[in-house]
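J.: Please work from the sequences and hints to get the whole structure.
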Amino acid sequence: MGGLLYKDFLSVKGKKISLIILVLTFVFLVLRLLLPGGDIDAADAATQTDAGLYDFFLWTLPAMFVFCSLGLPSIWTKSLISNDEKSKIKAFTKALPFGKNTYIASKYIFIAVSVYILMSVSLIWCEIYNCNAGKNQITDLIEALKSFLIVFASASIVIAAVELPFFITLGTGKAQMIKTAILEFLFLLVVAGLFFGDLEKLEKIDLLVFVEWYKTHTFTVNLWAVLSPVISTLIYFLSFKLTYVLNKNREVGIDE
Amino acid sequence: MNKAEKKTELRNLLIYFAVTFGISWGMFFAFILSGKPFLNDDGSVGNMANIICTLGMLSPAAGVVITRHITKEGFKLTGENSLMLGIDFKNGRFIFYILALLIPWLYTELGNLMSVIIQPECFDKQFFRTAVDDVKTVYFYPVMAFVSGVYFSMGGLGEEMGWRGYMMPKLIKLCGLPKAVVIGGIIWGMWHWPLTYAGHNFGTQYRGYPFTGFAAMAILTVFMGIILTCITLKTGSVWPAAFLHAVNNTSPSIIQFFINPEKITGALTDRMVSFVVYSIPMAVIAVIILTVYCLKEQKKRHLPKKQLNNTLYS
Numbered sequence: 001m002g003g004l005l006y007k008d009f010l011s012v013k014g015k016k017i018s019l020i021i022l023v024l025t026f027v028f029l030v031l032r033l034l035l036p037g038g039d040i041d042a043a044d045a046a047t048q049t050d051a052g053l054y055d056f057f058l059w060t061l062p063a064m065f066v067f068c069s070l071g072l073p074s075i076w077t078k079s080l081i082s083n084d085e086k087s088k089i090k091a092f093t094k095a096l097p098f099g100k101n102t103y104i105a106s107k108y109i110f111i112a113v114s115v116y117i118l119m120s121v122s123l124i125w126c127e128i129y130n131c132n133a134g135k136n137q138i139t140d141l142i143e144a145l146k147s148f149l150i151v152f153a154s155a156s157i158v159i160a161a162v163e164l165p166f167f168i169t170l171g172t173g174k175a176q177m178i179k180t181a182i183l184e185f186l187f188l189l190v191v192a193g194l195f196f197g198d199l200e201k202l203e204k205i206d207l208l209v210f211v212e213w214y215k216t217h218t219f220t221v222n223l224w225a226v227l228s229p230v231i232s233t234l235i236y237f238l239s240f241k242l243t244y245v246l247n248k249n250r251e252v253g254i255d256e
Numbered sequence: 001m002n003k004a005e006k007k008t009e010l011r012n013l014l015i016y017f018a019v020t021f022g023i024s025w026g027m028f029f030a031f032i033l034s035g036k037p038f039l040n041d042d043g044s045v046g047n048m049a050n051i052i053c054t055l056g057m058l059s060p061a062a063g064v065v066i067t068r069h070i071t072k073e074g075f076k077l078t079g080e081n082s083l084m085l086g087i088d089f090k091n092g093r094f095i096f097y098i099l100a101l102l103i104p105w106l107y108t109e110l111g112n113l114m115s116v117i118i119q120p121e122c123f124d125k126q127f128f129r130t131a132v133d134d135v136k137t138v139y140f141y142p143v144m145a146f147v148s149g150v151y152f153s154m155g156g157l158g159e160e161m162g163w164r165g166y167m168m169p170k171l172i173k174l175c176g177l178p179k180a181v182v183i184g185g186i187i188w189g190m191w192h193w194p195l196t197y198a199g200h201n202f203g204t205q206y207r208g209y210p211f212t213g214f215a216a217m218a219i220l221t222v223f224m225g226i227i228l229t230c231i232t233l234k235t236g237s238v239w240p241a242a243f244l245h246a247v248n249n250t251s252p253s254i255i256q257f258f259i260n261p262e263k264i265t266g267a268l269t270d271r272m273v274s275f276v277v278y279s280i281p282m283a284v285i286a287v288i289i290l291t292v293y294c295l296k297e298q299k300k301r302h303l304p305k306k307q308l309n310n311t312l313y314s
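From first to last, the protein sequence lines are chains A and B.
Letter 152 of the first sequence, counting from 1, is numbered 152 in the numbering used here, and no numbers are missing.
Letter 215 of the second sequence, counting from 1, is numbered 215 in the numbering used here, and no numbers are missing.
Hints may contain errors.
Coverage of chain A stretches by chain B, computed from C-beta distances (three or more under 8 Å per stretch; other residues unrestricted) [claimed, not checked]: (1) 191-202; (2) 209-223.
The list that follows gives simulated cross-link-like pairs (lysine-lysine, DSBU-like), each with its CA atoms no further than 35 Å apart [said to hold, decoys possible]: (3) 100(A) <-> 136(B); (4) 16(A) <-> 170(B); (5) 170(B) <-> 13(A); (6) 90(B) <-> 241(A); (7) 76(B) <-> 78(A); (8) 136(B) <-> 135(A); (9) 215(A) <-> 146(A); (10) 241(A) <-> 173(B); (11) 174(A) <-> 15(A); (12) 215(A) <-> 100(A); (13) 78(A) <-> 90(B); (14) 100(A) <-> 72(B).
Honestly, the hints are just simulated from the structure, not real lab data.
Note that CB positions come from ideal geometry on N, CA and C, so glycine has one too.
T.: If you want it as structure tokens, here you go:
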């Protein structure tokens, strides 16, 4: 299993990505230490004081990091399988010292470990932001982001739970077509919403209103933080079982 | 284990200590010498100190990686002399993963209960309102601690990879389990000393600061180290220890929300005294676990050597 995980780590260029994340984290830490925030209402003072400007600029970095890093596992599901197809790993599974179950489990474990590590690094980014930030609404926003990290990670796990059975069972060609079709459908829904929906609702979206809601609804936030990982773990496990059942008696085609 | 093997293990261990203490103490002392306040006015850990603690918790893992690279011990995930990163729920081992979540809840709850028993007047039914708005959050708190303990266990994992995953197996080989848990616990406690000095564990306002704090930290880590070591040896993995460590750090107690510090009087107002009272249940649980573990191992000594090794490090 360890060997399979290491192979997957190399196939997604794990060493390079780890180094990039490490360097980016260090650069962000240095930036945060060089640019301290201030105890002001940064939303109003962003253009007036240096401290407000620094906080206003720097909070976008952890926010971007959270969404980019937790989106990575979804990209990796495809590359994990496509790299195996290129090197014909699946064709040799019967000759290798592990079963089909171990092969499928390694993909699920790899994605789960990736989400765990990326979520932990995201948390460190939020901590780095906070370490030299002032007391203002943007800091509250980062606190809210921290509280919802588990929910975002759970969403990432659920997406992987949906994608992995397709990619492992159907191969990257067909699975990518299905994924593209689903994404295009979602894109069409968004476009339809923009054309025919109530756009006034979009104008009312305000992150600071969300922060106020977050501060007054601690129980709801905590309930989500507990339920979402439990539900997503259950879905992930069921997805693994389904993939195993689908591939149990499947012969490997010559073209795979 | 022959003399040459012992010498090698000791050398590797010393390299690990030099690297880990070098990285983490370097960070801790740099922060202390910078003159920045470690604690906020309300006694909580400041944001800058928080990131130092987070990075410090990861340094034992960094120490393991660097040491294994220097000593060429390799990076095996499971088995003997490995990183002990495998997860195996078979042969009833899943019980220890559940225990890893429940044990810190049990001893923190009992620890707070001890304070209430000694001084019942500090129990204030309305006090939780100063900490949270909703009473449901209070009763829900241990479950939140379990979930965040599992999901945000990176800090705990960072420490456990070093102390339980690298140091303890080597110390056990060198001097046996009973001595190893004491020596290992004291070393782990010493690693915390710069933070204890800065006020991270007990603040700075207590009798005999900082030396009583140093002693208390070393004793605490010996007892906690016993629980963590036994659970690591039983599962052959550092993950349950990481979960236990992370849940412990969130202090998953419901009773704590009903203890009003303003109503505490007498000796319990001293942080060191209250800490001793709070830690008694954990010490008792640790001693029980060690006794049960040693008795079971005693029985296993009648098994063939190969089988005994498998039970210890598989």
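J.: For every hint, state whether the structure bears it out.
T.: Results of checking the hints against the structure:
no., hint, result
1, 191-202, "violated (count 0)"
2, 209-223, "holds (count 5)"
3, 100(A) <-> 136(B), "violated (45 Å)"
4, 16(A) <-> 170(B), "holds (32 Å)"
5, 170(B) <-> 13(A), "holds (33 Å)"
6, 90(B) <-> 241(A), "holds (17 Å)"
7, 76(B) <-> 78(A), "holds (27 Å)"
8, 136(B) <-> 135(A), "holds (28 Å)"
9, 215(A) <-> 146(A), "holds (13 Å)"
10, 241(A) <-> 173(B), "violated (40 Å)"
11, 174(A) <-> 15(A), "holds (29 Å)"
12, 215(A) <-> 100(A), "violated (48 Å)"
13, 78(A) <-> 90(B), "holds (31 Å)"
14, 100(A) <-> 72(B), "holds (33 Å)"
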